[in-house]
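Trainee: Heads up: the protein sequence lines correspond to chains A and B, in order. Counting along the first sequence from 1, when you hit position 151 you're at 151 in my numbering, and nothing is skipped either side. Counting along the second sequence from 1, when you hit position 174 you're at 174 in my numbering, and nothing is skipped either side.
Hints listed in this document are in silico derivations from the structure and should not be mistaken for laboratory results. None of these values were measured; they are calculated from a predicted model.
Among the chain B residues that face chain A by a calculated CB cut under 7 Å, a handful are:
#1 M1
#2 K2
#3 E3
#4 E37
#5 K55
#6 S58
#7 Y59
#8 R61
#9 Y62
#10 N86
#11 L87
#12 I89
#13 G90
#14 G93
#15 G117
#16 A121
Chain B is faced by these chain A residues, among others (derived, beta-carbon under 7 Å):
#17 R9
#18 D10
#19 W11
#20 P33
#21 W34
#22 I217
#23 R220
#24 M221
#25 R224
#26 P229
#27 R231
Derived pair list, reagent style EDC-like, types lysine to aspartate or glutamate, alpha-carbon separation capped at 20 Å:
#28 A:K202 / A:E83
#29 B:K8 / A:D215
#30 B:K84 / B:E74
#31 B:K205 / A:E208
#32 B:K169 / B:E201
#33 B:K8 / A:D216
#34 B:K8 / A:D10
#35 B:K84 / A:D26
#36 B:K169 / A:E208
Each residue gets a CB set at the ideal place from its N, CA and C atoms; glycine is no exception.
So you can see what is in the structure, the chains are spelled out below.
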Amino acid sequence: MNWPPLPSRDWLEGQELPPAGVLDWDRWLGPAPWRPYHPTYVQGGWRNYYDFHGGGILEWGSHTVDLCHWAAGLDDTQPVEYEPVGGNTGPYSVECRYANGVRLVMRDNAWDGALDTGSCSFRIEGDKGWVETGDKTRIAASESIKPLLRPTEPAPVALENHMREFITCVRTRQTPSANAAAAANSHVTCHAAFIAFQRGKKLTWSVENREFTNDDIANRMRSRALREPWRI
Amino acid sequence: MKEGAIAKLAGPALVQLLNDPTASEFQKAKACQRAGELGAVEAIPALARLLGDEKLGSYARYGLEPLFSPAVDETLRGALGKLKGNLLIGVIGSISKRRDALALAPLTKLMQDPNTGIAEAAVAAVGSIGSAESARLLQSALPKATGRMQMQLADAALVCAEQLLAAGKRDQALELYAFLSGPKIPRAARLGAMSAIVREETSTKRPRPAI
Chain A
1 MNWPPLPSRD
11 WLEGQELPPA
21 GVLDWDRWLG
31 PAPWRPYHPT
41 YVQGGWRNYY
51 DFHGGGILEW
61 GSHTVDLCHW
71 AAGLDDTQPV
81 EYEPVGGNTG
91 PYSVECRYAN
101 GVRLVMRDNA
111 WDGALDTGSC
121 SFRIEGDKGW
131 VETGDKTRIA
141 ASESIKPLLR
151 PTEPAPVALE
161 NHMREFITCV
171 RTRQTPSANA
181 AAAANSHVTC
191 HAAFIAFQRG
201 KKLTWSVENR
211 EFTNDDIANR
221 MRSRALREPW
231 RI
Chain B
1 MKEGAIAKLA
11 GPALVQLLND
21 PTASEFQKAK
31 ACQRAGELGA
41 VEAIPALARL
51 LGDEKLGSYA
61 RYGLEPLFSP
71 AVDETLRGAL
81 GKLKGNLLIG
91 VIGSISKRRD
101 ALALAPLTKL
111 MQDPNTGIAE
121 AAVAAVGSIG
131 SAESARLLQS
141 ALPKATGRMQ
151 MQLADAALVC
161 AEQLLAAGKR
171 DQALELYAFL
181 SGPKIPRAAR
191 LGAMSAIVRE
201 ETSTKRPRPA
211 I
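Sequences and hints are given; from them, build the entire structure.
Mentor: Next up, the structure:
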């Protein structure tokens, strides 16, 4: 589903809590701020609520931006500019730029990708053409790139290889492709893009200080208080 | 329940809403969030009054945590002596995030609290503050601790060392890592400290003495 970029900050009207043996509402909320119980949340409807969900940008960016970073050799950094385009309904994107000039465009691209490459699709564009893939592992590419393509693995094999690499790295003390630092950098990118969309303006970002350089409100949105007794 | 116009209120109107006894929990929750994001320092007293509210306490901290004002630190420090249980743990967490060095004295007392959740939160906050005094406090407490608290103290000391490094106090950080490499430190923390020493001593970015 293509979630809108701005999740709701509203609450559903409270309803009577189920018995404690059925649901521990306090535990379900975890570190999220308190709100009255409504069955919609616990039946999968928690998405698109600001306290639980980061909207379409976090929903899909958390699956795809790390791939863009990996492909561009940018696993150790984040973009320095974030420009939101569009509104909460209809097509939207966040146009990001890295310090070296590489651009990252986070856009709503339909559930299976515009080219039927599967969910979590992403495209790499270079001087000589483009290539795009997604969870189906089907590859689409510009004519200039097609002669260079090799046969790809079906999705289950690709997933198995991913897990095998992780376990191999545990044994050999090497760094896996999907490592903690890469995950942190891709998530920081998504959160910065999400904040830029909420602020509705182009934001600039200091990678070194992990703060916005042109908006105090955006900086105050980088962190939210955890509900007690949760802490980091 | 719709956020609606609350998302556009300015500081004085937020204060009015937070102080309004007829306002709903939802309205106050949204006003707290708006105050924090907007940077409404005039709302600090109104937010402080909600810190002891079981449902809205975390919203009050949501509003207070991001405000660039020493009055927030004074408020949170003041709440340490008034709140109990989980609400106290929440405030300790906010102090930890803001790294308020003036809170070290009350936090040191709370490290001895019989409620282990409070004691552990206080230990983590001392580490997060990451000053030379934090390092001294944690080093002093570690030899006397056992079991889970020993691990909590060692973990906080590792965080403290990272904070010292980030602040450019490399010698103090290495001294703390060396302490944490000792034989009586829990193994996981000891290995972490040794790894940090190796990382720092072999880093090509480390400061080198002039030849």
